[in-house]
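Q: As you go down the protein sequences, you meet chains G, V and B in turn. Taken in order, the first sequence gives residues 1142 to 1411; the numbers are from my numbering. Taken in order, the second sequence gives residues 2 to 569; the numbers are from my numbering. Taken in order, the third sequence gives residues 274 to 628; the numbers are from my numbering.
Just so you know, the hints here were simulated from the structure itself, not pulled from any lab data. Note that CB positions come from ideal geometry on N, CA and C, so glycine has one too. Check before you lean on any hint, since a few could be wrong.
Claimed, not checked - Simulated pairs of lysine-lysine, PhoX-like, Cα-Cα distance not exceeding 20 angstroms:
| hint | chain 1 | residue 1 | chain 2 | residue 2 |
| --- | --- | --- | --- | --- |
| 1 | V | Lys344 | G | Lys1202 |
| 2 | V | Lys371 | B | Lys599 |
| 3 | G | Lys1176 | G | Lys1347 |
As the list claims (entries may be wrong) - Beta-carbon label-pair distances, calculated as ranges:
| hint | chain 1 | residue 1 | chain 2 | residue 2 | range |
| --- | --- | --- | --- | --- | --- |
| 4 | B | Gly591 | V | Leu513 | 48 to 54 angstroms |
| 5 | G | Glu1282 | V | Met231 | 25 to 31 angstroms |
| 6 | G | His1294 | V | Ile250 | 29 to 35 angstroms |
| 7 | V | Thr9 | B | Ile548 | 44 to 50 angstroms |
| 8 | V | Lys312 | B | Gly295 | 27 to 33 angstroms |
| 9 | V | Ser176 | G | Trp1259 | 45 to 51 angstroms |
| 10 | B | Val401 | V | Phe540 | 27 to 33 angstroms |
| 11 | V | Leu248 | G | Glu1295 | 32 to 38 angstroms |
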Amino acid sequence: MTNAMQSDYILETVHVTKQFGGLTAVKDLSIQVPKKSIYSVIGPNGAGKTTFFNCITGFYKVTSGDIILDGESIVGLRPDIIVKKGISRTYQNIRLFSNLTALENVMVGHHVRMKAGWFGAVFNTPATRREEAETRKLAMELLEFVGLKGFEHELATNLPYGMQRRLEIARALASEPKLLLLDEPTAGMNPSETEEMTAFIDNLRKELGITVLLIEHDMRVVMTISDIITVLDYGEKIAEGKPEEVRSNPRVIEAYLGRGAATQHEAQAA
Amino acid sequence: MDKELKFTWKDILKYGAIGGIVSLYVILVGMVEAFDERYIIAETINLGQVTLFVPMFVLAYFAANNARKIKSTAFAIIASALVGLISGAFVAALLVLGTHYNLRSVFLNVSPGLLEILHLGRESMMAAILANLVIGTVVGLAAGLFALVPHRWSNALLTGLAFVLLMGIMQELMSITFGSKDWYKPIGEFIYAKKGLSWGGTALFLVLGILLSLWRSSPSLHPGKKVAKMPRKQRVTVQLVAWALGLIILLALPRILGSYPSEILTTVGIYIIMGLGLNIVVGFAGLLDLGYVAFFAIGAYTVGILTTTGKLATLGWNFWMALPVAIFLAMMAGVLLGIPVLKMRGDYLAIVTLGFGEIIRVLVLSDWLKPYIGGAQGILQIPKPRIGSYVFKGPEQIYYLVLAGILIVGYVAWRLRDARVGRAWKAMREDEDVAEAMGIHLVSTKLMAFATGAAFAGLAGAIFAAKLGSIFPHSFNLIVSINVLSLIIVGGIGSLPGVVVGALILVGMPELLREFADFRMLFYGALLVAMMLVKPEGFVPEKTRQRELHEEPLEPEIAPDTPAQAEI
Amino acid sequence: MLRKFMRNHDTTDIVMWLIGFGLLAAVVYGSYVTLSSGKYAPSVWLDFFIFGLAQGSVYALIALGYTLVYGILFMINFAHGEVFTGGVFTAYFVAIALEKAGFIEKNWVLSLLILMAVAMTVSVIVAVLLERIAYRPLRGAPRLVPLITAIGASFFLQYTYRGIYGSGVKTYPDFPALDGKLHAFGREWPILTTQALVIVVAAIMMVFLYWYVQKTKAGKAMRAVAEDKEAAALMGIDVDRVIVNTFALGGAMAGVAGILYALLFKQVNAFMGFIPGIKAFTAAVLGGIGNVPGAMLGGLFLGIFESLGPSLFLDGLGIPSPYQLKDAIAFTMLVLVLIFRPTGILGERLSEKKA
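Based on the sequences and whatever the hints tell you, model everything.
A: Structure below.
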């Protein structure tokens, strides 16, 4: 199907479909995510966005279609293998390890890049010690990067909401991903927090060179930082393109606001 | 539900009834009579009476506490007194009924002996009834006053009383352990009378307990905090010294205490080893294994079969050669057990592991395997371990074997906890799906938890076989698994020091209080329920756990491949 | 194609399949040996079968308690075996009294009904107390907590019974009217009267339960709560009350099961609930947890399998005293079901959301 040559796209989904019994949550979805871009997936509630994410990370097995990460097909692989290949994510409802500290959460994120096992742990070999120290250092740096310096030893569950969101991102970054999936990162935030988060996401690709695939409801965020937007409705792609194009697409408006709003918009534009 | 805002006469009745029912329960189940002989304070108060009146006290305490928040202090005191009265009435009722009707054919423990106890020293029935009512009221009143006193003092008083209780119970143990020592005799005569504490001893321990509690609760004097404030170098030195001292004491313990307490300590120690193992499976990895005893059995039987010189002799190895085999076989069993349950949810996991434990038990007892492992007759003539000319023949020597085991196992558990593996376990415990999404290979991580836990149990079993010199199937039943589970829960799931505390309490106490043995499982069961209701993180919480269990529950887990959870 | 297979299943699955088929092969082989040796006459097999049916009926009734509670709360009521014990053990004393008064001889039907009423009452009380004291406060707690509580409650109850009633084994009085083989419609049937009675009574209870759950308002409320607790609450259903009802219903079934058990096996003691409890749970899972007809079917199947098993395949495999291992058969079956068909024969009936 695809040969493993270098492509410009970090992620390609090819006719991905996900069915749950009779319900088709994602239908024939094909997208191409350019490297180092910020690619947003938007759509009304129930459009299949998170399901799509779950398919990419391997949590769900796709009913049909292919998913290609940096030239390599990853469809059907186990989630822990996919992480190794370089995809990492955050969750719509924050899913931190509540009873672990912030530091431990991030260190777990780095698990996939570590090698130490039982033997190294018990016998405290120099290699293990070094790896632990490095991981710890990385975790501390990531925590500082997301602005959680000083909170390393707080239990994740005790952190305020905004910090938890950032912690989740730090954890996701710890696995050194090529592609970061953010599922509604600004949910529940007030405008100033949202602004911070938006700038932060934008910064991610500048400082770390990773690609961000974003699910968002806040249109300002989406319009501000996205390079490309795909709009889903009932599991299907109904529009795709740059923010300006998508914004004025009548089908998109209709999907969000209903038929009446679309015609009204057309009338206004006329 | 705004029941909280009211406290009426009905509530008093409710508390009183509950107090009465619990007192009746304690009587009917046989505790009051069984404990009657053990005197706490000589000639005055015995454990049976304590058991009888504590429920009333507790209920009256709660009544007063709740009443005080809603109504006045005076009302609270009256309420508590009434609660005590009502509870006493229940007991009096039982006394009357028991005297006139033969309740014994149904309720085994309503014996003449019990009825006499319930007479509370009075001759006539009327006087006895009155005595019950009065004492109930007094107990209730005391509880009420107790509730009104500021916390610091009531805690102190409680500690003092607990100390008195403990020392009273321990009288026999003390005399067995130290009785022959010259330095003990005058002390012993001072604190103890023939049966129970003397008044002097009572006063002494009461005061000591109060002082101890006050010292701990006053922030400025608290030793732990003082240490934490020291500069790093000093702090580390203090800690090292403390550890070294502790180690020296541990090593010297059997010499100091003699063989009976050492025997108890070895049993406690074996349970600590198992507890540390199960702590990894349940505490770190969150897998509720109820068949843990199976690995213990495998360790013990392996050593038994390989080393025995009796009827079933096979290879006649010595202990040290059999030990690694025992651990290895237990580990293999752990993996074998782990494989089928990899994908199971918590409840199912528990039942299936329980099933495995039972299968092993049935097999071990069966005639089918009897020619190899002895069936109900067990394996005899298991030789003691020896190093050169030193034979681990008695409890005082086995103690060192156990201690070594604990140190090794404790070290391994500690190292694993703070390493990548331990984090992976904890992550898996918290949220399996996300852990997998972090790159944690669930299968191998789970199997490693099972294998490690099983290995520890195997070690414990091996030492157990060596300690007893013979093993029988009836030592390897579900109760052992439940014991181990109980002690890690009481101590604190996931907490390493908690295991030690839990073992000391749950395994040590019953050894001290022989009458208690009959009620041990009863107590464990109630304790498990109570702990879950009140203090699920245990007495020495893994620092993290305490917060979780007292807060709002998290979102329900997402089950894979169901549309409702897709969060679309 | 092999690659696709390897992707979907890993090594552990293969190991499991191997073990499963190994066991299956052992069963088939053992049965073949036994049957071809002709060691047991057909009438003996019939006896085993009927015994299994009777025993299975008891399991089925107990299993209903597990399945109903799991359907609503997604927890295994570990202490359900003790609910069972409470009823039948307490009824024992009434039975003795009835026997002394000669009542059992005079009117066995009424005696039996009285005993069932007593057992049901006590079982229901135990079940409801369990819910109220141990389970309700912990409804939102993380998974491990209610499970441990249930285990603790189970042990607490067992030893309470032992403490209050004593550790001895008590024997239920005989029901002379039920001795021997069944005489009905003018001929003798190859089934013991007690067995026939047990099967019939159990069947009646199961039909009643099915009707209750399907047709009555209370039953519909139960199904609604099992389906979606929040939605049910929003529709005005008192969820707490429904939950109590569920426990009570399971308790009632267990109470009747207790008397039937006493008729079959005669002996009761404080710990009698443990093994039947686990077996009944196995039956519930076998049939599909949360699934009422499934529990019934599972119980019957397990009872028959356990009765036939030792003679059928264990004997053929050359295992001495095969009956010692009959409990192991039930446990092994549990493990196998949970591995190969965790949703049970008739499939799980659970709501989409977990508790």
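Q: CA of Lys371/V to CA of Lys599/B, is that 20 angstroms or under?
A: This hinted pair holds, its Cα atoms lying about 17 angstroms apart.
Q: Taking 45 to 51 angstroms as the stated bounds, is the beta-carbon spacing between Ser176/V and Trp1259/G within them?
A: Hint holds: Cβ distance 48 angstroms, inside 45 to 51 angstroms.
Q: Is 27 to 33 angstroms respected by the C-beta to C-beta distance linking Lys312/V and Gly295/B?
A: holds (32 angstroms)
Q: Do the beta carbons of Val401/B and Phe540/V sit within 27 to 33 angstroms of each other?
A: Since the Cβ atoms of Val401/B and Phe540/V sit about 31 angstroms apart, the hinted range of 27 to 33 angstroms holds.
Q: For the range 32 to 38 angstroms, tell me whether the beta carbons of Leu248/V and Glu1295/G fit it or not.
A: holds (34 angstroms)
Q: May I ask you to test the hint 48 to 54 angstroms on the CB atoms belonging to Gly591/B and Leu513/V?
A: holds (49 angstroms)
Q: Should the hint that His1294/G and Ile250/V are 29 to 35 angstroms apart at their CB atoms be regarded as holding?
A: holds (32 angstroms)
Q: Are the Cα atoms of Lys1176/G and Lys1347/G separated by 20 angstroms or less?
A: With a Cα-Cα distance of about 12 angstroms, the restraint between Lys1176/G and Lys1347/G holds, given a limit of 20 angstroms.
Q: Quickly compare the C-alpha distance for Lys344/V and Lys1202/G to 20 angstroms and report which way the hint goes.
A: Between Lys344/V and Lys1202/G the Cα gap is close to 17 angstroms, so the pair holds against 20 angstroms.
Q: Within 25 to 31 angstroms or not, the Cβ separation of Glu1282/G and Met231/V?
A: holds (30 angstroms)
Q: In this structure, is the beta-carbon distance linking Thr9/V and Ile548/B contained in 44 to 50 angstroms?
A: Since Thr9/V and Ile548/B have Cβ atoms about 46 angstroms apart, the given range 44 to 50 angstroms holds.
Against the hints set out earlier in the document, no violation occurs for any number.
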